[in-house]
Every structure is written in C-alpha cells, then in structure tokens.
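Going down the list, the sequences are from chains W and B.
Going left to right, the first sequence walks through residues 1 to 382 as full-length UniProt numbering numbers them.
Going left to right, the second sequence walks through residues 1 to 438 as full-length UniProt numbering numbers them.
I should point out that these hints are in silico values taken from the structure, not numbers from a laboratory.
Keep in mind that a hint or two might mislead.
Listed below are the simulated SDA-like cross-link pairs for lysine to any residue, each with C-alpha atoms no more than 25 Å apart in a straight line [to be verified]:
| id | chain 1 | residue 1 | chain 2 | residue 2 |
| --- | --- | --- | --- | --- |
| 1 | W | Lys130 | B | Gln346 |
| 2 | B | Lys329 | W | Lys130 |
| 3 | W | Lys130 | B | Arg351 |
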Amino acid sequence: MPPSEQTDVLEPPHAGADGSTDAAFVSFRDVQKSYDGETLVVKGFNLDIAKGEFITLLGPSGSGKTTCLMMTAGFEVPTHGDILLKGTPINSMPPHKRGLGIVFQNYALFPHMTVAENLAFPLEVRSLPKAERAAKVQRALEMVRLGSFGDRRPAQLSGGQQQRVALARALVFEPDVVLMDEPLGALDKNLREEMQFEIKHIHENLGVTMIYVTHDQSEALTMSDRIAVFNDGVVQQLATPQELYERPANAFVARFIGENNTLVGDVVEMDGAAGKCVVRVDGGAEIKALPVNVSKTGERSTLSLRPERVVIDPEPGSLPNIFEADVEEVIYLGDHHRTRVNVLGNREFVIKTPNAANVRPHRQGERITVGWALEDCRALDA
Amino acid sequence: MSTISSGPRPADYPNRRPEEAVAEPTVMTTADGTPLKVSLSRKLRRSKIKAMLLVAPLFVFLVVSFVMPIFDMLSRSVDNPEVPTELSRTVAAIEGWDGEGLPPETVFAAAFQDIKEGAQNRSIGRVATRLNYEESGARSLIMKTARNVRNAEMPANAKAFLIDIDEDWGDPAIWHVIQRESDPYTLSYYLAALDMEYNAQGEIVEKPEYMQLYVDLFIRTLWMSLLITFLTLLLGYPVAYLLANLPMRISNLLMIMVLLPFWTSLLVRTTTWIAILQSQGVLNDMMVAVGLISDDGRLQMIHNQTGTIIAMTHILLPFMILPLYSVMKTIPPSYLRAARSMGASQLYAFRRVYFPQTLAGIGAGGILVFILSIGYYITPALVGGQSGRFITNFIAYHMQSSLNWGLAAAIASILLAAVVILYLLYNRLVGVDNMKLG
Ligand SMILES: Nc1ncnc2c1ncn2[C@@H]1O[C@H](COP(=O)(O)OP(=O)(O)OP(=O)(O)O)[C@@H](O)[C@H]1O
Ligand SMILES: [Mg+2]
Numbered sequence: 001m002p003p004s005e006q007t008d009v010l011e012p013p014h015a016g017a018d019g020s021t022d023a024a025f026v027s028f029r030d031v032q033k034s035y036d037g038e039t040l041v042v043k044g045f046n047l048d049i050a051k052g053e054f055i056t057l058l059g060p061s062g063s064g065k066t067t068c069l070m071m072t073a074g075f076e077v078p079t080h081g082d083i084l085l086k087g088t089p090i091n092s093m094p095p096h097k098r099g100l101g102i103v104f105q106n107y108a109l110f111p112h113m114t115v116a117e118n119l120a121f122p123l124e125v126r127s128l129p130k131a132e133r134a135a136k137v138q139r140a141l142e143m144v145r146l147g148s149f150g151d152r153r154p155a156q157l158s159g160g161q162q163q164r165v166a167l168a169r170a171l172v173f174e175p176d177v178v179l180m181d182e183p184l185g186a187l188d189k190n191l192r193e194e195m196q197f198e199i200k201h202i203h204e205n206l207g208v209t210m211i212y213v214t215h216d217q218s219e220a221l222t223m224s225d226r227i228a229v230f231n232d233g234v235v236q237q238l239a240t241p242q243e244l245y246e247r248p249a250n251a252f253v254a255r256f257i258g259e260n261n262t263l264v265g266d267v268v269e270m271d272g273a274a275g276k277c278v279v280r281v282d283g284g285a286e287i288k289a290l291p292v293n294v295s296k297t298g299e300r301s302t303l304s305l306r307p308e309r310v311v312i313d314p315e316p317g318s319l320p321n322i323f324e325a326d327v328e329e330v331i332y333l334g335d336h337h338r339t340r341v342n343v344l345g346n347r348e349f350v351i352k353t354p355n356a357a358n359v360r361p362h363r364q365g366e367r368i369t370v371g372w373a374l375e376d377c378r379a380l381d382a
Numbered sequence: 001m002s003t004i005s006s007g008p009r010p011a012d013y014p015n016r017r018p019e020e021a022v023a024e025p026t027v028m029t030t031a032d033g034t035p036l037k038v039s040l041s042r043k044l045r046r047s048k049i050k051a052m053l054l055v056a057p058l059f060v061f062l063v064v065s066f067v068m069p070i071f072d073m074l075s076r077s078v079d080n081p082e083v084p085t086e087l088s089r090t091v092a093a094i095e096g097w098d099g100e101g102l103p104p105e106t107v108f109a110a111a112f113q114d115i116k117e118g119a120q121n122r123s124i125g126r127v128a129t130r131l132n133y134e135e136s137g138a139r140s141l142i143m144k145t146a147r148n149v150r151n152a153e154m155p156a157n158a159k160a161f162l163i164d165i166d167e168d169w170g171d172p173a174i175w176h177v178i179q180r181e182s183d184p185y186t187l188s189y190y191l192a193a194l195d196m197e198y199n200a201q202g203e204i205v206e207k208p209e210y211m212q213l214y215v216d217l218f219i220r221t222l223w224m225s226l227l228i229t230f231l232t233l234l235l236g237y238p239v240a241y242l243l244a245n246l247p248m249r250i251s252n253l254l255m256i257m258v259l260l261p262f263w264t265s266l267l268v269r270t271t272t273w274i275a276i277l278q279s280q281g282v283l284n285d286m287m288v289a290v291g292l293i294s295d296d297g298r299l300q301m302i303h304n305q306t307g308t309i310i311a312m313t314h315i316l317l318p319f320m321i322l323p324l325y326s327v328m329k330t331i332p333p334s335y336l337r338a339a340r341s342m343g344a345s346q347l348y349a350f351r352r353v354y355f356p357q358t359l360a361g362i363g364a365g366g367i368l369v370f371i372l373s374i375g376y377y378i379t380p381a382l383v384g385g386q387s388g389r390f391i392t393n394f395i396a397y398h399m400q401s402s403l404n405w406g407l408a409a410a411i412a413s414i415l416l417a418a419v420v421i422l423y424l425l426y427n428r429l430v431g432v433d434n435m436k437l438g
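Sequences are here, hints too, so could you generate the full structure?
Next comes the structure, spelled out in structure tokens:
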C-alpha cells in the first residue's frame, strides 16, 4: 500500500461541529470480538470519532457492524481491546450507565405503551418531574413532526412514523452519542430518502455524535461526515464520502461503493515517484494507470474505473488510454445512457454518458473507441 | 362495461398512491358482467361450505360427547321422578293436605296401595332410597312396610294399619317430605350440595355444623387451585424465560425436559410422589440421614394438603410453561436492550418492559392451570388423604359408590357455574383477546 493512501485510515478525526475539541469523543482501540472462541468477527477495529461527527459503518451483511455497535452500547463485551467514551474506557460499564441513545433496526418501541409513554420512559428512569417530562416528550415529538400522535400505540403507526418515534425516543433524553442500526432498513425507497434527510437535519441541529450502521452505500454517501467501510471484520477504508468514491483504497471498496469497471492484469512498469504504472491486462493490451496499492512490477492488480469517467470516441492522442470497443447494449435511463461494451475482452464494461442534446446514442454492434485518463484508472490489489 | 383493471403502474411516478386511481361511481362488475358483489359472495360461499364440512366431524363429536352430557348432568341435578311415579296415588291424594297434624285416611289408603304395588313389582327400593336422602330412616321405614303390605288385603283403616307396622307413619315428618318431593323437579340436591336442608316447617336452613361438608370442600378446592396456579407461575416463569432466551441447542433440551412428563403416565407420576414424600420415603430418609430431622420427627407430606399441592403443581407445571414460553418467544431481546440503553437497570427494565408484555401468557397459563386444577380428580384422590381432597373426589364418590347421581350432578353443576363465573370475571379483568395460548 503506498504511503499516500495509508494516511486515510490513520488520519486524525476532524474537529467537532463546534470546532471546540480535537480529542476523540468515542474511540475504538484494537477492538476484537469473537463469539465462539474460534473465529474473529471483528479483527482489530480502530476508530476515533470526534464530537458531533456523523460516522457510518458500512459493509456487507455479516461483516460485524452490529457487533461493533452492540459493543459500544454495552450489550456485547469486546474479546480484546478498549472502547473509550470521552477518554475513559467503558468496557466494564453496564449499558444503562453509558447514556447512549440507540435506534434499533426493528425500532423496539414498547408495544404496551403509547407513543408518549415510550418517549417518557428514559425520562421516567431519570426521575424527571412529571411536567418537565411531558414538555420534553412533546418537544421531541414535534421535532419529528408527530406532535399529535402521543396517544397512539406503536402498532397504530406506519413504518415511517414508528421509525421517527424511535428516533425521538433515542434523542429525548439528550444523549451525547446516538447509535443507529440500519434504522431505515424496513422502509420503502421514498420514505427512506425522506428519513435520511430528516435524520441528517436533526443531526445538524442538535450536534449529537452519530454512529450509524447501514449496508446501503448510497445512504452512507448522502448522510455521513466519514464512512468506515467494513469487510470481514476489518475497516477497509475510513474516509469522507467523496474520498471513498473518488479514491477507493482497495479493490473491495471500489467494488462496494458505486459502480465500477474492473480489468485485471500484471504490473509491467512501475514509476512510484511520478505516480504512474503500466498494467498489461490478460488480453495483452497495456494500460497506463495510477498505482494505489501496487508497488513493484510483476504484481497482480485490479484496475478500477468509474463508468462516468470513460469517454466515448475521444480525439486520438488526447488521452493516454484509448481502445477499440464493440457496443453490446445501450440502455436508456432518462437522464443518462448506459452503454455496455466489449473492450479488451471484458464484456461487462459499462459507460455512463449524460443525456445531452448533442450526444447521439450508439447502436448495438457498432464499433467505437473508448478512452480514459491515467488518474481515473486506479491500480488496486488483485 | 366497466372492468377493474390493475394495469401496470408506471414505475417512474413514485409519488402516485394507489388511492388516487380513478374509481367509477357505477356498480362494479367483473369482466363477464356479473356484479362484483354477487360474484364475490358466490366464491365465498363455496369456501364457507368447504370449511363447514371440515369441522363437521368435530362438531358432531363435541355435541355428542360434550354438550349432551352437560345437559344430561344439568337435568339430573333437578330431576325428581321417583316420588311422582312410584307413589302416584299418594301424591294425588296428599296434594290438598294442609300440613296440619296427620294427613287424612285417603292419603294413608293411597300410600298403602302404592307401597303394595311397588313391593310386588320390586320398584319400591328406588323411592325408598330417594326419600332416605331427605329423611334418614325413611328407607328402612318403607322397606319394612313393603314387606308387610306385600300380601296384605286393603284394611278398613289404613291409617291404623300403617302406624301399627311402624309408628313412624304417625309422625307428620315423613308425610311432609312426600308432599314436598311430589313435584317432578326438586331443589333438594342443590340444597344438599350447599350444605342446606328443609326444616320441619319446610323452610330452607343450614345443616347442623357437624353435617356440613361441601361448602368447605368447594372453598378448599378453590383456594388450593389458586395456590397451585400461583406456584406453577412462580416455578414456571423463570423456566419459560430460559426456554425462550437460551441458545437453540440448550433450549431444545430444556423443552424436552418440560415435555417429558407428558410422555409418562399420570398415575406413574403421582405414585412416584408417594414414593418420594411418604414418611418412610426418599425425601424423609434423606433428611433423617443428613440430620435435618430426627427419625421420629419424620414429616407427613403425603395424604394431606401438602401432598396434593406438591403433586399437582408438578403435574400442571407444563400447562403454565408452554403459554408463557410461546409469549416470551415473541418478545425480541431488543426491547430489553432498548430499555437498558435508555438508562433502566436490569430490574427496572424487566418490571416495566418485559413483565407487562408477558401478562398475556400469565393470563393464559393461569386460567388454564386453574381450570384444570379445579377439575382434577386422580391426583387428589391418590395423594390427598382427608385434608387434601377436592370436590371432584366427592362427585366421583356419589357417582360410583353412593349412586346418588342427583347430588353428584348438582355438585358438578355448581362447579361448572363457578368456573364459568370465574372465567367471565377473569375475562373482564384480563380480557381473553389479550391471552395467548400458543
Ligand atoms: N450472538 C451471536 N452469537 C454468535 N455469532 C454471532 C452473534 N451475533 C452475530 N454473530 C456473527 O457475527 C458475524 C457478524 O455479525 P453482525 O450482526 O455484526 O453483522 P452485520 O455486519 O451487522 O450484518 P447485517 O448487515 O446482516 O446486520 C456474523 O457472522 C454473525 O453470524
Ligand atoms: Mg446488523
């Protein structure tokens, strides 16, 4: 891994929203977790979260996201390592002393209580006076735009409303940190987008620290300050959404975030200083690419290229990589066309072109040329 | 013709809701023009008939084996055929009697004829037994008279003749009983079941203290059943919790252990308790061995209330555990976790969040165990001794030994009524809709 990319993972946390602190608010130090004593579900998890930050743990199913969240909440004990809250280790602190707000995937609204009673629960535990309780509950309900729903039972609410109640309940006692485990997983697409916006909005208004778990990459990209991409119990990359999309650190991240064309080959020329390498793909053609985590010739490498960075029929000589391609399929998607071509033996190579007035869609079977810049083609691990 | 077509909705109009689809105000019809309602009810009727055919065998079985016996029981508890049929002439003659002194000569003459006829076709025993329920000594009086009048001619003075056979005929008491029981229906079985009787004046009064039995038994049956229900809840709740929350492999094993009693005979389980609890039994031996009690201080734990309570609690335990388990299984652990994350201690979270959600299971298990317990018979009979017997044991006694079916039916009807009333009360308090039996 070249040093330039390594820094992503070890980069110190951003300053909080109010800029007051640089010290990590929540930290994970070498956290490991095994349920059965045989396999590690989480392997050496390191993460520093600043106050007010919106951090998303993103990863495929079974990658250990929920496990990390449950360790933070105190329902699972790390097998090794420390979790620190405001600098103090909390490994032996019982869950109810941690003061974290949690939104569970199934909402976990108490079915035998009304919405207002649900919201009052954390306040009741803290023995707040009745009047104050009612005022806070009402304010929290209004925050999620459910002001008149206090007397309903959770079962009488729609999925989106239940979700908002769960959010309000996690926020009503003003915790510093809110954990959310795939809170929007059960909602349909429109509602999910609406709620993403709403959660983001609340986060900005309240300045709470959010640790958010999802396996939906678009959700992670739209909401987060930083995203930790999980796979196989390890953080593959920790970066801002833009960084993650534009500069994936390895082949897994490139594949997982957004759409991605891959070409596989061997490194034949390496010029680390100039940030240049040449990869000979299995068909024999040579591609000039940006070395990301290849360091010497002879290594196997996966080249990653975003579909929207590929140019169709470029001026000859204008780009370092230009190849001939056969159009296999063109799909009209309204705002853009997806053209699937066969280039260098890869028949799944996709090009996205915006639907502009001067662009003529290609036809199946047509022979075209495609090209891309060196920086857009990243040579990653195999 | 308007047809209801659910054509494909354009996927790219995400905000369009189905309610907004245009609905014509005209009568809806299917594609072939039949009104939608007619077509729907036709389809529904067929599935209704199918469902009825499926439940018909069970329905017939229930009518024959459940509804009819209950009606039979209820009618037996008030049925009073003996006096009106066997002593029909006497009943007719005694109708006008004012109850003062002895009845007139005509009544004695009718009684003479009735008893003579009954003695000749050997049916007099029935009415003798029946009258004996009301007036002890009536049986021997009538049987003695029957022997004497069997071959006698109608005397000129029946009154003197009968009193001569037995002077009890000269006591108005027996005539009052005959007059009272001359109706085809009687309340006297119910009175007996409630420890009451008619006094000489024909008023309903309590039986003398030493004769009272059933009311205490009813009360004992109720409170012991309540206690047993409470004990099964106390013991069953933690087990059900473990069953619902342990990992599959262990909880399956536990479940087998809970169900194991169902696979052994009830008699075996009950007699095992005798072996364990009797004064020379396993438990006493062990306590003597470790010096907890002295050899002559052995505890009496069987053939009394303790025995009934221990054995019944054990036998009815699964009926509490299973409904509790089925309710607890549906409570996801995230509820408790949510409560904990909001600052509730384990105990508080349990009390405010977990326990209220198991009320449905407690309700179901409670009513199940309670009703089963009230009607339990074998176990109290075997291990209950004198003090641990239930009212059911006396129903059985009157059915099998004393053959006083009327009284057995009256006690059983009262028990049935008590259960129904308790159930209704319970429904008021808990709400049967809120119960979950599985
Ligand atoms: N209580 C448990 N006991 C044993 N293994 C567990 C337990 N909980 C989770 N695991 C295992 O740990 C791994 C990670 O689980 P985790 O729930 O953290 O995944 P996740 O990233 O949240 O996945 P998803 O997106 O599907 O929710 C999985 O392989 C899972 O089988
Ligand atoms: Mg999960």
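Worksheet item: Is the straight-line distance between the alpha-carbon of lysine 130 of chain W and that of glutamine 346 of chain B 25 Å or less?
Response: Answer holds: lysine 130 of chain W to glutamine 346 of chain B is near 23 Å, not above 25 Å.
Practice prompt. For the pair supplied as a hint, lysine 130 of chain W and arginine 351 of chain B, confirm whether the alpha-carbon distance does not exceed 25 Å.
Written response: holds (20 Å)
Fill in: Hinted pair lysine 329 of chain B and lysine 130 of chain W, Cα distance within 25 Å
Violated, because 34 Å separates the two Cα atoms, which is more than 25 Å.
Hint compliance for this structure: hint 2 is the single one not met.
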